[in-house]
Amino acid sequence: MAGLISLMILISLAGALITFLAKTREQARTVALITSIISLAIALKIFLGFDSSISTMQFVESYSWIPSIGVTLKFGLDGIGMPLVLLANIIIPLTVFFAWGETKEANRFYGLILLELTGVMGVFTSLDFFVFYIFWEIVLIPMYFLISIWGGPRKEYAAIKFFIYTHVASLVMLLAIFALYFNSLGITGRASFDMFELLKSYQVMDGDLIRGVISLKDAVFLGLLFGFIVKMPAVPFHTWLPDAHVEAPTAGSVILAALLLKMGGYGLFRVILPILPFSDSKGIMITLMAIIGVVSILYGTFLALAQRDLKKMVAYSSISHMGYVTLGAAALVPLSVSGAMYQQFSHGLITGILFMSCGVIQHSAGTRIIHDLGGIAKYMPKLTFVMLLGFLASLGLPGMSGFIAEFLVLVNSYFTLPTFVILALFGIVFTAGYHLWAMQRAVFGTYNEKLGHIHDGANYEIASMAILVLLVLYFGLNPNPVLNMMTVNAEQLVKFAVGLRGVMI
Amino acid sequence: MGLYSYLLISIIIFTIGVYGIITQRSGIKILMCIELLLNSANLNLVAFSSFNGNATGQVFALFSIAIAAAEAAIGFAILVALFRLRDTINLDNINILRW
Amino acid sequence: MFSDFAALIVLLPVIAFVLTLFLGKKLPHGGAYLPIAAIAGSFIISAGIFLEIYPEGIVQQSIPWFSSGSSTMNMGILIDPLAIVMLLMVTFVSLLIHIYAVGYMSHDPAKSRYFAETSLFTAAMLSVILSDNILQFFISWEVVGVCSFLLIGFWYHKPSAAAAAKKAFLVTRIGDVLFLAGIVMLYVELARIIENPANAFEIGSGNFILQFKTMFEAIPLIDKTQLTYITLLFFGGAVGKSGQFPLHGWLPDAMEGPTTVSALIHAATMVTAGVYLVARTFPMFAATPDTISHGVPDALLVVAYIGGFTALFAATMGLVMNDIKRVLAYSTVSQLGYMMLALGTAGAVLGSKAVGISMFHLISHAFFKALLFLCAGSVIHAVGTNDIREMGGLFSKMKITAVTMFIAALSLAGIGIPFLNIGTAGFFSKDMIIEGAFEYGEVTGDMIPYAFAVIAALLTSIYIFRLWFMAFTGKPRSERHSHESPSVMTIPLMILAVLALFFGFSHTGFYGYVESNFELMGVDLGVHEGEPFHPSVIVILLPVIVGVVGFLIAYLIYNKRILDMSKIISSQNPLYKLLYNRYYEPKIGADLIGVKLTHDVAAQTGEFIDRKIIDGLVIDTIISSTIFKIGEVIRKMQTGVVQNYASITILGVALLLVLLRLEFGGI
Amino acid sequence: MNLNVNFILLAPEILLTVLAFAVIILGLLITDRSKNMLGYISAAGILASIVYVLGNGMTGKVSYFYDSLVVDPLSQVFKLIFLIVSLIAVIASIEYFKNNRNQDEYYALILLSTVGMMVVASANDLIALFVGFELASMSTYVLAGFEKKNPASLEAALKYFLIGSLSSALMLFGMSLIYGITGTTNIPGIIDFFSIAPFAAESSLGVLAMIFLVAGFGFKMALVPFHMWAPDTYEGAPSVVSSLLAAGSKKMGFVAAFRVIVLALVAIRADVHFTFAILAIITMTYGNVVAVSQRSIKRMLAYSSIAQAGYIALAFVVTTQMSIAGGIVLALGHALMKGGAFIAVAVVGYMVLSDNKNAKNIDDLSNFAGLGKRAPITALGFFVFFLALAGIPPSAGFIGKLLLFYSITIEAITPTGVLTSSWLLLIVIIAILNSALSIYYYARVIKYMYVLPPVGEKIKEPAAYVTAILIAVVGTIGIGLYPEPFINMAMNAANIVLGV
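Protein chains in written order, with my numbering: chain B, 1 to 505; chain C, 1 to 99; chain U, 1 to 667; chain A, 1 to 500.
Partial selection, computed: residues in chain C whose CB lies under 7 angstroms from chain A: (1) L37; (2) L38; (3) N52; (4) I78; (5) I94.
Footprint (simulated), chain A over chain C, 3 or more residues, beta carbon under 8 angstroms: (6) 20-33; (7) 39-46; (8) 62-71; (9) 79-87.
Derived by calculation from the structure, the hints in this document are not laboratory data.
Ideal placement from N, C-alpha and C gives every residue a C-beta, glycine not left out.
Chain B with its partners taken away, still in its complex shape (with noise of 0.2 angstroms):
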């Protein structure tokens, strides 16, 4: 009998292969809605069943799949992918009811929502590194033709540009993995992918890969972390993630800046984090990954101040939101790295407001060009009410999720790396400043007559944001309920890294 896990992800894809095949696209967006719905129940069920006082894999199942080379249908799920499968089951749904109007192909549209549904389900609870592997290639598929088939003008360069750019840090990174696999295979003589036996070979890796330039384990280290910043994206390995978001249609932009994105952010906990206190080098990589976090946070900043384009505003405020979890997580800290899982989980929820008001915008004015915006307030109150929330919360307004993971983060990394936090706290200024600005000259101010008559958003893609800042709100007031286990499984993975305080700068 197949676990709750496969049960979930199964699921979703048969439900994404049903799509495809419906004629109408009545049936195609009610088959979504439905699948997804299911497998959020599912989700629901493994969440309420969670025990969240333990660090370890829950839900274990183990399939054998090509023993030759040990790999497994391995698929479990702990404190850290647990928030991130509820994120993913809370957003596909909202996204597909948010796009309940899209009439182009529907049948394709929401098939391929739900085939990141399965896709990054399977990045969250793979335990085996090929498997996970595999999932991350996969999750790219579905996004390049959201983006190529319903995208904005430039959709051909920016759906392209991201298949390259995520592609080749994933090869890097698939690089790294054949290293720690050989490695362990070199080890316990017994071929397997487990990524837990594997992540702990990297505590007996040695040797060189260029003599007296860089040695293995730093080589290794390097090839997992950039794969993953990139696809956080981190600068200066970003520049693939405006275009992206900018041509995306909305449904693909809430759904890569909810959850691809978060892919990365997973890896630095589930790969990184574990093998970086046994790395050679490790104050070299902390302080790398501080300065990446940071610098993202603050580049991020600027460059969300200086867009025309609301869309693209928000997706440079994406790269300086992933900064704090590169930051926390480089901090080790327990709390900054669960503030960091948490500023993951909460960006999630957020992001998909701020696209989805950048999506009514777009559709209703027919433009996201700030400057050719002005006065929308007036007759779109409704999307007004929910985008200024939305915004509050991008902004890290108390009381918002937002708030409590960068809170943590900042608080607790300033144990191990005060100078970043300090830097990072410039940032928070400028962050609200472009988010507030941006309000002010587009939906504030005198109405531009040149828009002519517009309507306020549909009632479903409201709701759908509506929901998402009752959630927001919610999980502002009230964190435990994922907080609780994400600190657990965030005192397991510093526990080796405690001689690691003050080592830093």
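Assemble chains C, U and A onto chain B, guided by the hints.
Leaving out everything else, chains C, U and A in the frame of chain B:
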């Protein structure tokens, strides 16, 4: 005459063949040059056979001669078909497939 | 009994917010009665608690919130004397202003949104006051900021209002970030203290790391330098929220909101949150080392100087403003400066008395400034303009407003009769501050804060009476038909006027009660109270003298017109220009730093790097185009001529020869 | 020679040879119209051979004809590849050459070329190798020019023929030198000689011989710089024949190289990483870079095929069991992907011609617009093949590249010398970047198929094509999903290559 004389002749023939392939424009001539190459190899085989004192080389040469004949036949067939279609076997003009 | 319902003080307005937001449009008066009832309820509970705990009770309730172990964050309530006086003041003033707003906002189509937002604001402000921990304090503080943002931008279709809202939020945000940085540093200090077994410092059960109680208990263990940083960062937050120099620029601009908002948020309550923060964490300020001036904790020295300077600095600008609300806004900034000055100077020499002095001024200021704003609102409501040059002669038409405003002005100017202890609220409160500054000067030999305070008092008197005379006396300067406001507006005016006149008499009881605050919490301030305080006659008289002098100057110039001001008020006069342009603060702050440096320089440079260099040059040009170009070039090698192919094959053989020769060294 | 030898292991070759002649004779006897059945007969014969090969198993080693042919895991794997490719090609040809009156010759030639390739796979003697090579080559020369009214087809055949015979001549010359040095044409004999006297292999003549052999095999493999014929020929030849060439005959070069060069290199323990690394890298980069700017899909596939040859050639760089197994798996995968892709091009051609009888440039990119709607199965096929070619999991292309890249990585991280390891790492990095670049041109076609609006009506995809494509799709994905048996097979074969 030692082995090296045969080898020398063979290499000379080979070089002539290569030169011809590079410089000639007519399909027929190129075909002839390829025959030169094959025969230089045959000469080698036979010479080595004699030198090594076993007959394998000669057997190989026989195979190769037979194959060269078949090859030439196919080559001419292709050239004839081409000539019917294009009225030329000047290879400089046969370049609709490029880039 | 009442203290069991302490949480309702915050929750009632929150509920009112939700109900008004969603149902307000369908209710009469935009649902105004919901928040009014809620705030009245809060006021009643607060009053009940006050009666219960007076004179030396404390209410403390706390529940864990998130995170675990020694780092658990909590939510909780702390009602001590400091909090209860603020609670009473905020609920009361807020209640009055809400009632007033029923009339003032009666014609606005979006009034239900207005009442929802003010209700949320009140809730957040009450939560600031009630917080028993610095994190909840900060969170509420931020929500207060957002409400301020929303209310300043209430008429969002006005570009100036939208811009002012943004400016207010951003400038206070700078302070907030400093505040947050302070919390970060404090948390890390506390966590290290707890972690280190040598300190034997434990958080008792039911207590939490960021509670004020824990913070105060840990003061002796905190590294002194760190403590200075932490307190200065907290003060940075206070500077932003309370509009102190150099983050004062947003407050005058915030007057773009409805006048009731200005009265409630930008005069009486929210802006005092900064002062409240310093008062709340006063033991930490008092415990900072005295590296600069002997006997004066560094943090308090900074507070004193910033406060004193702001008091004077803002008053100078108040002199030249023509917008009635801007004058009042600068006046607010100036008065907040006084409160800071009190905390700094008196704090250094008088210990916890300073908190009483400062809070007393805070509360009397709340009454008379709310009154001033509501009067101004009444005038604006009647005249339809903010410009005092277009007013005049309103006295006859709006008697109640004129009289109540005059009372408020007297109170602001601190007029009273020394030695007899008769006077307006402002007389008592400001007098104590100036005397405190003098005492500070006596002890430390540093008279500069005192000088700031006295000169500012003179200017205060001048600008407020200038305003009053220009608005209410002389000939009408415009043709508008103006009339007295409805009673729903005038009754709150009268109530506030009574308080502005008579609140001062509670001063002795008030000082004693609030001073005991930290003792009740069991905190040793470590500041020894100075010698019994016997200032000379001139010191006691001086504040009143400057107040009266200011009044006379204003009377002579603006009522009797003995001086032609047109010569002074000209764009040729550099001093006037400097003041009128607000020391070029908007230009430097918003235009230069905000737009030019941040947006045009930093952000656009980033954009350039991102799009043109990383993306354009590296990705598109170097990598992408190069590949395409190479592809095109190599492609042309495929000439289609078969001899070329053969030649390349032969060349390939040669190439292999070379390669193998390199490896084998053969041939 | 013991005539009691059990020839069952050679049954596939025998069967196909007999079948080839039978088809020709049958063709003389039956009417033109009923010649369509010949395709089915050939397909059945090939299918039977596949069953034989599988039935014979993938282990054990038996030699025939004075040790000139050998049946071992290596030969079996490659025979399987060749047979699958010709099966796909034959099935597709049933539609492509429907009602063509020369079908009998066509199928006979395909069968013979398959036999030739199989002989090469089994060759244990240079003579057998050469004969097999030539049998396969000559059949395919004719096949490439089979549309004799089509100037492109004839030109393709001519170029293929000229460069092919030049390469054969070079190869023969190389073989003659080897024979001269070693005195034998038996491959194990040659290996033995070289392992006793490695200096002989490193002598000028030895090196020259090796170069000529590499040139000869490199021609088939389409390794740069012996690739020049490939794009023109693949473009000009009938699509089904291109499929056979790219997917099948190309692998013949690899199996020959495995048999001779790798064995010899291993025997003399020569360290020629550098040469093969350069060849492999130039080949893959060249293929990918030029493919980017192609608009003709067949030509693009040709360049992609060159690039894939570069990846497979990585197997020679480290010559470990893993790398060779990787090369074999990728070869197998590539046979399916590329074979299927060319067949899919044939469907596009069919579609375009049914729109407009006189259409030119039928494989132009623009004809792919909206293919996802017009010919969904074909488009799906392309989609799978392209992703597999780009190395996206789960696909045969991914598994093959995975094994190859990781065989090199493992060599890089357990270094024999400082320089070598960083070289190897560089190779892998270049290979990865290449892989990324290749996505660009594959994705462009995918974009045309699924993103752009269709330019014509939906067509009914002929069953023969659909069958061929689906076989390839199933194989491509199947290897990706369940690579276990294929990896084992390839590992066994790799042992043979390494002489274990």
